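Protein chains: 2
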Amino acid sequence: MRADRRRWVAPLVGMAFLFLTGFLVGWFARPSGVQHDHANDSKLLDFLNEIQADNIRQYLRKFTQLPHLAGTEQNLKLAKEIANEWEKFGLDSVELVSYDVLLSYPKPEQPNYISILNQFGNEIFNTSLTEPVPEGYEGVSDIVPPYNAFSAKGQPEGELVYVNYGRTEDFFQLERDMGINCSGKIVIARYGKIFRGNKVKNAILAGAKGIILFSDPADYCAPGVDVYPSGWNLPGRGAQRGNVLNLNGAGDPLTPGYPAKEYTYRAEQDEGVGLPKIPVHPIGYSDAVHLLTNMGGPHPPDSWKGALNISYQIGPGYKGEFSKQIVRMNIYTSNQVTRIYNVIGRIRGAVEPDRYVILGGHRDAWVFGGIDPTSGVAVVHEIARSVGTLVKKGWKPRRTLVFASWDAEEFGLLGSTEWAEENAKILQERAVAYINADSSIEGMYTLRVDCTPSLHTLVYDITKKISSPEPGEETMTLYDSWHKRDNWTNERNAPRISKLGSGSDFEAYFIRLGIAAGRARYTKNTKTERYSSYPVYHSVYETFELLLPLDCVEYGAALHKYTLNIEAIANRHPDAISRYNVSFDSLLNAVKNFTSAAQAFHQRLNELDRYNPLEMRMVNDQLMHLERAFIDPLGLPGRPFYRHIIFAPSIHNKYAGESFPGIYDALFDIENAPEQDKAWDEVRRQISIATFTVQAAAMVLMPLA
Amino acid sequence: MRADRRRWVAPLVGMAFLFLTGFLVGWFARPSGVQHDHANDSKLLDFLNEIQADNIRQYLRKFTQLPHLAGTEQNLKLAKEIANEWEKFGLDSVELVSYDVLLSYPKPEQPNYISILNQFGNEIFNTSLTEPVPEGYEGVSDIVPPYNAFSAKGQPEGELVYVNYGRTEDFFQLERDMGINCSGKIVIARYGKIFRGNKVKNAILAGAKGIILFSDPADYCAPGVDVYPSGWNLPGRGAQRGNVLNLNGAGDPLTPGYPAKEYTYRAEQDEGVGLPKIPVHPIGYSDAVHLLTNMGGPHPPDSWKGALNISYQIGPGYKGEFSKQIVRMNIYTSNQVTRIYNVIGRIRGAVEPDRYVILGGHRDAWVFGGIDPTSGVAVVHEIARSVGTLVKKGWKPRRTLVFASWDAEEFGLLGSTEWAEENAKILQERAVAYINADSSIEGMYTLRVDCTPSLHTLVYDITKKISSPEPGEETMTLYDSWHKRDNWTNERNAPRISKLGSGSDFEAYFIRLGIAAGRARYTKNTKTERYSSYPVYHSVYETFELLLPLDCVEYGAALHKYTLNIEAIANRHPDAISRYNVSFDSLLNAVKNFTSAAQAFHQRLNELDRYNPLEMRMVNDQLMHLERAFIDPLGLPGRPFYRHIIFAPSIHNKYAGESFPGIYDALFDIENAPEQDKAWDEVRRQISIATFTVQAAAMVLMPLA
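For the record, the sequence lines run as chains H and E.
Residue numbering for the first sequence follows UniProt numbering, starting at 1 and increasing by one per position.
Residue numbering for the second sequence follows UniProt numbering, starting at 1 and increasing by one per position.
Just chain H, same shape as in the assembly (with noise of 0.2 Å):
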């Protein structure tokens, strides 16, 4: 047992360090000047060293004993705990930042539920108001129910229809193939492939009085492995909660754009931004099972069919002897604004104090967050320890260091966002990386990192100086463990280094405001998991450097990739391509314009004097800047908030990034379009933006002046 803990905290350790480490170089000047030497080198190792993985898990156990709901007093609570550590801890300034946000509860004395009717109107089945309390938790109070935040209140009755997962293509599947029309009916969609409030979205366009929302055991369960406690699996009786905004971004729905202080104007309720207009709610397999058990209509293709032992006929309604029978949804769930805390810990650069390389995290969890976000929380509290205690012998960071234990994650992304917006400004001119701590862990497979083209070179060369936790690897690198069970593809031999996509707090810094940011997480194997004993951990990070570890280079290539992928998929329909004059020879050009001008940015940092100070701050400058090139003040079609022209969050897929996202919806689903001519057009003038917008880029790599 305690070589397991010891097993998944090593991991934890590394993945953290990752990507700080790499701007933690040229970390220690002395407030006057410039300079290094190797007796820097050494504090650096003295830094390595510091860290303790049995703190970290002294600070996971400590920190998940009790709910953390975003705006309970329990979390308040945790983020004073958190601030007065990291003052203990030696850092230069912290305080506790609060913003007034829309946040919802289910009402303690009205639970949602939800009912199936028989024909006389009363309740024959209801689903259940509370899971169950897992061992060791008995006495805990203040565990909310399962539900989903942001849901309408009502009362809706009517037919039940299956919707699958709740994507366009169920809902055009559903109407076109299978006749069935969702208006006024209450649709039941099964959890997983995209974001829930994208079905929600979906079931409220098709007209849908409710939805319910549902773990298949399909998409929750691995075969083979027994449910908690005994395995990881979810519980029949377990249910997934989550908020069902339509948000893009946008932070706090009633002060889109602008932070959530008390001088703020505030949209009324129903003119929210991503507020549901209908009642959502979640349940488990075992209640599913009821509600879709006798259901009648059509029976679905297998791809609709989940993993429970009933036939999943679409509806509406039911079959037979039960035809009477209405679904009831008695969701009292009710939105508030309320005051929420995020932590904000400072070092002060020595050197360049404007220059803030920030690393955060969210605090607030929907009930203990033993994974989702404590295993980042508590990684993220090691690392400030570690560096407060170098700062209390009189060390320094070339730049400012930043650390945020962001709130109400959970609620989209408010913490995070609000304090982006109160502070945008000052971070586009500022930032030089946001580093993500959410889950550190997801699995025991091997590694996982999402980050933007120009740090996957400072991945790699880190983890090439990491050894592998792998029991078996202990003369391995990270690198190598890693590149061994998850290589890149044909092309490329190398790790696979994924987009950046949504679901945690860098989408305001890297979507929004065009900031060089990333995540590392260990993740799960496709395979079973293996218990085993525990590995070693060691890590050694030695180099020194006055110049931003970002490689331009690598986001060229990159950008090639990605421009010809989105080529390929136009390509499907090449009548159209043809006829509408649709073509990526600009997009391409501009993409080789980027590539030159990187290769040769990446050619004159050779003849950089790097004892120059300005001449390295120019130089970092155009590195910095070169991020925040891709954004688009005029934003995504109808996503104000995601401006990045590279990546997006996908509509279309679960937590993925998309890239030239613009391209891409404009080219998804074309051949539904309404009318053929606009849909060209709208892709034309996706390219045109994408092409200016990568030739931008190659403007800041370009010689100054």
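What the hints contain is simulated information worked out from the structure, not anything from laboratory work.
Remember, it's a predicted structure, so these values are computed and weren't measured experimentally.
Be a bit skeptical, because a hint or two may be false.
As the list claims (entries may be wrong) - Calculated pairs, DSSO-like style, for lysine-lysine (alpha carbon to alpha carbon, straight line, at most 27 Å): (1) Lys592/E / Lys261/H; (2) Lys678/E / Lys277/H; (3) Lys678/E / Lys153/H; (4) Lys678/H / Lys153/E.
What the hints assert, rightly or not - From the structure, some residues in chain H lie toward chain E, with a derived Cβ separation under 8 Å: (5) Gly257; (6) Tyr258; (7) Tyr265; (8) Arg348; (9) Ala350; (10) Val351; (11) Glu352; (12) Pro353; (13) Thr400; (14) Ser586; (15) Arg610; (16) Leu614; (17) Ala629; (18) Arg685; (19) Thr691; (20) Ala696.
Where a beta carbon is used, it is the ideal one built from N, C-alpha and C, also for glycine.
Since the structure of chain H is provided, determine the placement of chain E on it from the hints.
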């Protein structure tokens, strides 16, 4: 005659010089360092001595021989000539940068005119097709006849309605007080008070089929002054050309937000930004008399009467025996995508090549452009020559200097806006200031400066070091001469400085990108012009600073004044203010914070180590980004490219700048709003946005990290 010439040339030298010198400080540094010494100060004097009033006169003469309409061969030739000379002058690089933008020309073979038709549909009066060519220019071809660029084509016929200046309030008065409906009518408005594009917009909103614009002598002739060529009053057959777009800063109507390059997607012409849907045509007052005489309908209030010897009756249509007459417009002007050329010259900064000071002005003219723009072009040219001369001698500016000769300003600030769009990402990170040089002279009375508040102090400091150009004031400073003629207000004993409004090429730089900007010119006397002997001109500027000469304390004072102004406007509705809970306390508080931050910033400047290049750079970055902090990426309501929260061109006042435009527009006409709740809600929302923006700007000035 020669005396007169020098009389008006002298102020030109001083004016254009004014801002630029402020930014040329720190100019003579060696490439490898930041040292400065007293020898450099004398080099600065060399520069001042290099400028020759006679050169300016010669350039003005040379550049005004022929018409230089945007998009013509002639104007391209001038671009090449200027580029060649800049190269010869010694600029480091000079390039022609082209864009393909929507321009608009009359058809040579099918001229525009307006007719009065009798009851049989015969033309019984037609307006002039051209203006009489001035003496000395008889042989010149390619003089474009008077027209309104971007007018819709068409031959609408209808009754005429006189709409005074065509302002919102004029149309209100017509409809509500006089009971006159403009729907289906042709309206005739006099030029003046508001931008002509807004008159057209108002006419369209009122349902008019066409609009005729005329120059009334009440607005375009000073009493007691002769018409050209004996005096400067407008002759009766002279007509004002001008575009009638409602661009609101969008640049090329077909590519809003993006540069009009080969690869750029273009909207269909009927979807272009700000293109009027009805014909528009300008006429002189000789023609206007014919159209207005014999009109029927109500007699107008006195404020609607111009200086023509007619009754200015409103219509619709003519009275008595003329009542069957109607008016027909015959407009064939057509829009076409046309290539335009900016000339961009650069002198690379020796120490901070990535910090740009931009001096720009347009080159295109409706015809000869004697004042607009060539009085500015000539000054820019002489500055380029003088600076180039010093560069040839081996001197270098500290920061990069950019010289720009913009094209197609007259068609909607197109050249400057497209370049701003193409370079937006770089400019917002690197541009220190934008100085505009359009008409350098619009009268002979005294100085007129429009600039951002952080430049106030610089303007005062410099004018205190330049001699007055006024006769009999040889021992007086320009500051004193100016102060004597135009004291600010009772509360401030200093020469008046105005807000930047619209109407020239600074717009995209200041209002969209938030770059500190200013312009200066000699302005006219409100009394009649005096012709007298010429003054002697001297200028001396001797300070040397590494610190950007931007004054944030002055910005604080300006914000305070603007807040009190806007609060006073709101207080005209005391009942509503209290009913709808409208308060300016949050804004006043933010302004107070801003002022404290500015004062503290200013204080800290005393403690700066001016020999620490990084420290200087960081402080300068704060100053540079202060103006940027006032930019809201979401823009003003309905005007996405006007993004400066403190300043925007006024909708209500020709070329003027509005402070707190969001709040102002929400308050304007609030009593006519259909729903008072929503209208006051919008006021509250705008106050909140202003509060946030001022607060965020304060943060930019706060201690780093």
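> Which numbered hints does this structure break?
Replying inline: 9 and 15
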